[in-house]
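With chain A fixed as given, assemble chain D onto it according to the hints.
Next come the chains, spelled out residue by residue.
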Amino acid sequence: MEWPGLYNYWIVIFLMMAGLYMVIARANLVKKMVGLGVFQAAVFIFYLTMGKVAGGTAPIIIPGDQVYSNPLPHVLILTAIVVGVATLALGLALIVRIKEVYGSIEEDEIDEQENAA
Amino acid sequence: MITPHLPALQVVVPLLSAPLCVLLAKARLAYALTLVVCWIAFAISVLLLIQVMDGGAISYQMGGWAPPWGIELVVDPVNAYVLLIVSAIGALVITYAKPSLVHEIGSGRETLFYTSYLLCLTGLLGVTITGDAFNIFVFLEVSSLSSYVLISLGQDRRALTASFRYLIFGTIGATFFLIGVGLIYQATGTLNIADMANRVAPLGESRTVQAAFAFMAIGLALKAALFPLHAWLPNAYAFAPSVVTAFLAATATKVSIYVLIRTYFTIFGPEFSFEVMALGPILMVLAISAMLIGSTIAIFQDDIKRLLAYSSVAQIGYMMLGIAFATVLGVTGGMLHMFNHALMKGALFLALGCMFYRTGSVSIEAMRGLGQRMPWTMAAIVAGGLSLIGVPLTVGFVSKWYLLLAAIDSGMWWISIFILVASLLAIIYVWRLVEAAYLSPSPENAPSGEAPLIMLIPTWVLVLANFYFGVDTRVSVGVATRAAEFLLGTGS
Chain A
5 MEWPGLYNYW IVIFLMMAGL YMVIARANLV KKMVGLGVFQ AAVFIFYLTM GKVAGGTAPI
65 IIPGDQVYSN PLPHVLILTA IVVGVATLAL GLALIVRIKE VYGSIEEDEI DEQENAA
Chain D
2 MITPHLPALQ VVVPLLSAPL CVLLAKARLA YALTLVVCWI AFAISVLLLI QVMDGGAISY
62 QMGGWAPPWG IELVVDPVNA YVLLIVSAIG ALVITYAKPS LVHEIGSGRE TLFYTSYLLC
122 LTGLLGVTIT GDAFNIFVFL EVSSLSSYVL ISLGQDRRAL TASFRYLIFG TIGATFFLIG
182 VGLIYQATGT LNIADMANRV APLGESRTVQ AAFAFMAIGL ALKAALFPLH AWLPNAYAFA
242 PSVVTAFLAA TATKVSIYVL IRTYFTIFGP EFSFEVMALG PILMVLAISA MLIGSTIAIF
302 QDDIKRLLAY SSVAQIGYMM LGIAFATVLG VTGGMLHMFN HALMKGALFL ALGCMFYRTG
362 SVSIEAMRGL GQRMPWTMAA IVAGGLSLIG VPLTVGFVSK WYLLLAAIDS GMWWISIFIL
422 VASLLAIIYV WRLVEAAYLS PSPENAPSGE APLIMLIPTW VLVLANFYFG VDTRVSVGVA
482 TRAAEFLLGT GS
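Chains as they are written, first to last, in our numbering: chain A, 5 to 121; chain D, 2 to 493.
Worth flagging that the hints you see were computed from the coordinates, not collected in a lab. Note that CB positions come from ideal geometry on N, CA and C, so glycine has one too. Incorrect hints may appear among the rest.
Ranges of calculated distance between the beta carbons of each label pair, as one might list FRET restraints [stated by the list, open to error]:
#1 56/D x 10/A: 44 to 52 Å
#2 83/A x 417/D: 41 to 49 Å
#3 10/A x 272/D: 28 to 36 Å
#4 209/D x 63/A: 22 to 30 Å
#5 303/D x 117/A: 13 to 21 Å
#6 63/A x 203/D: 26 to 34 Å
#7 443/D x 29/A: 31 to 39 Å
#8 64/A x 24/D: 14 to 22 Å
#9 417/D x 63/A: 53 to 61 Å
#10 32/A x 429/D: 35 to 43 Å
#11 74/A x 5/D: 30 to 38 Å
#12 96/A x 421/D: 44 to 52 Å
#13 436/D x 83/A: 46 to 54 Å
#14 208/D x 82/A: 23 to 31 Å
Chain D side only, calculated, beta carbon under 8 Å to chain A, not exhaustive [to be verified]:
#15 47
#16 135
#17 139
#18 142
#19 149
#20 153
#21 156
#22 158
#23 164
#24 165
#25 172
#26 179
#27 183
#28 187
Looking at chain A on its own, in the form it has when it is part of the complex (with noise of 0.2 Å):
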């Protein structure tokens, strides 16, 4: 196992430190739900990279000797998907009315108004 080793867990890690930051540092709420979501992709490609078997193929039973990719991940990371979506869904929502009653969607400008009130 050379460098770049198994390269899949560095990107991983890249794009769920990325998608963090992004949520930390960022003060427009839609951005904040972009970067969620990348941090949350990040753990997706995590799992799917682990299901990996080295020269496997899909679980698909044919003649002969074959070596599988473990399906489990994959069938995992579908649900995460879905529960993913509902969050960006609802998240999404959330900020829109927070446009309508704020005006704005921008973490300072909302402090402001509900500091001042």
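Below, chain D alone, put in the same frame as chain A:
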């Protein structure tokens, strides 16, 4: 005939009723359905607890697929206890909810409220009953997503930002848990909790397992609002509708703490958690900080819901303190405080809902003279406050007593000083309420008169439970001790 299927019904009944509420469309029908379903869920959890106490743990194979491949529902003394807490509070709160809801969220959106409420209940019960780690994640998200909706229904526009912040924190917490589950699946190749526990132990000092532990512990601590990860909690509790605050304060954080307990003791085992990872001292410092800082901030709040929210942060500290001892006495104290805190915070937030129903405010200012204007509501708040302080004859005393015993038993008597100091701080913030309500004159033209009986009765059921379980501790302490022995593997 139906008895063997009780574990599945516990989750399936509220889950299927949730979309039915939308289809019924009429608020009255949806309310009736929700009410019936919540009480059925409560009855099921009582039956399950009795079954477990008599016959030991129950395992239910979802769809007949044998574990570890299929999803297994497990009911043992630990989660039967938590199921009971969640479903009891769920049933009492919904009984109370109708007038308060019409008043706070308007009559147009009620059916959607009932749907979200049932989904939230489903999620919390599901997290508690399942024996599958990935399933915990799914149910955790079901309960979280519906609780974001519930919180955002608050009248104040700050409910929206509070809900959004909770969404960000909650999703990060749940995703951390998911990463942890992924890592442990990599190391063990299983998702079934019991199977995981068997396979983690022989791995010894594996970096993957340690990382999995860290991710799961931090993610769940976020969901449980363990200090210093509690930032989402005060606003979420303060701006949510009263009913939602009462329900979430009494159940949601408890369920997260339950999953933490499962992670520490069942999946990784006390030896790994408390010796290899040296969790004890870390948790103890965080728990004591939560107790002291949470109580101190609570003293300076003028909004009573927010005051009690900070007090919740402190109370979560008590629960974690008990767990941090990792002894039977300590875990008993922690588990007991979960139950007792649900009773006291449930009673307090329901009483505050009554106050808001009449006065339209929950500030200390609005509470002036409330002792004369709403004697029963105010008496409930005082009773809940006494329990929060830990006055003898209330449940608060029982759990603090067990925590003190655990501290002395573990040879860390100095911790008892912190427990006492935090209780003294609680006296200060409860006194502020008493002073306003009984010793200050009412403002002019202040609204008076009690809340409707349908709201007062559930409140008082919880208040009386505070005293009943404070005197007769056989059931609560008995079950908590069994649960603690089960977790630490010293009993049956």
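Going through the hints against the structure:
At roughly 48 Å, the beta carbons of residue 56/D and residue 10/A sit within the given window of 44 to 52 Å. Separated by about 46 Å at the C-beta atoms, residue 83/A and residue 417/D satisfy the suggested range of 41 to 49 Å. For residue 10/A and residue 272/D, the Cβ-Cβ distance of about 31 Å falls inside the hinted range of 28 to 36 Å, so the restraint holds. Taking 22 to 30 Å as the suggested C-beta distance range, the pair residue 209/D and residue 63/A conforms, at roughly 24 Å.
At about 19 Å, the beta-carbon gap between residue 303/D and residue 117/A stays in the expected band of 13 to 21 Å. In this structure, residue 63/A and residue 203/D meet the distance hint of 26 to 34 Å, their C-beta atoms being roughly 28 Å apart. Taking 31 to 39 Å as the suggested C-beta distance range, the pair residue 443/D and residue 29/A does not conform, at roughly 49 Å. Separation of residue 64/A from residue 24/D is about 40 Å and departs from the stated range, judged on CB atoms against 14 to 22 Å.
Under the hint 53 to 61 Å, the C-beta atoms of residue 417/D and residue 63/A, about 58 Å apart, fit the expected range. A beta carbon spacing of about 41 Å between residue 32/A and residue 429/D agrees with the range 35 to 43 Å that was offered as a hint. Separation of residue 74/A from residue 5/D is about 33 Å and conforms to the stated range, judged on CB atoms against 30 to 38 Å. Taking 44 to 52 Å as the suggested C-beta distance range, the pair residue 96/A and residue 421/D conforms, at roughly 48 Å.
Here the CB-CB span from residue 436/D to residue 83/A is close to 52 Å, well matched to the stated 46 to 54 Å. Between residue 208/D and residue 82/A the CB atoms are about 29 Å apart, so this pair conforms to the stated range of 23 to 31 Å. At its closest, the beta carbon of residue 47/D sits 31 Å from a beta carbon of chain A; the interface hint therefore is violated under the 8 Å criterion. Interface hint status for residue 135/D: upheld, as the beta-carbon distance to the closest one in chain A is roughly 6 Å, under 8 Å.
Because the beta carbon of residue 139/D sits about 6 Å from the nearest beta carbon in chain A, less than 8 Å, this interface hint is met. Because the closest C-beta pair between residue 142/D and chain A is about 5 Å apart, less than 8 Å, the hint holds. Against a cut-off of 8 Å between C-beta atoms, the interface hint on residue 149/D holds, since the closest Cβ of chain A lies about 6 Å away. Contact between residue 153/D and chain A, as hinted, is supported at the beta carbon level, the nearest pair being about 6 Å apart and thus within 8 Å.
A least Cβ separation of about 11 Å between residue 156/D and chain A goes past the 8 Å threshold, and the interface hint is therefore violated. The closest approach between the C-beta of residue 158/D and any C-beta of chain A is roughly 4 Å, which is under the 8 Å cut-off, so the hint is satisfied. At its closest, the beta carbon of residue 164/D sits 6 Å from a beta carbon of chain A; the interface hint therefore holds under the 8 Å criterion. Interface restraint check: residue 165/D against chain A, minimum CB-CB distance 5 Å, threshold 8 Å, status holds.
Against a cut-off of 8 Å between C-beta atoms, the interface hint on residue 172/D holds, since the closest Cβ of chain A lies about 5 Å away. Using the Cβ-Cβ criterion of 8 Å, the hint placing residue 179/D at the interface with chain A is satisfied: the shortest such distance is roughly 6 Å. Taken as an interface hint, residue 183/D checks out: its beta carbon lies about 5 Å from the nearest beta carbon of chain A, inside 8 Å. With a cut of 8 Å, the hint placing residue 187/D at the interface with chain A holds, because the nearest CB-to-CB distance is about 5 Å.
Of the numbered hints listed earlier, those contradicted by the structure are 7, 8, 15, 21.
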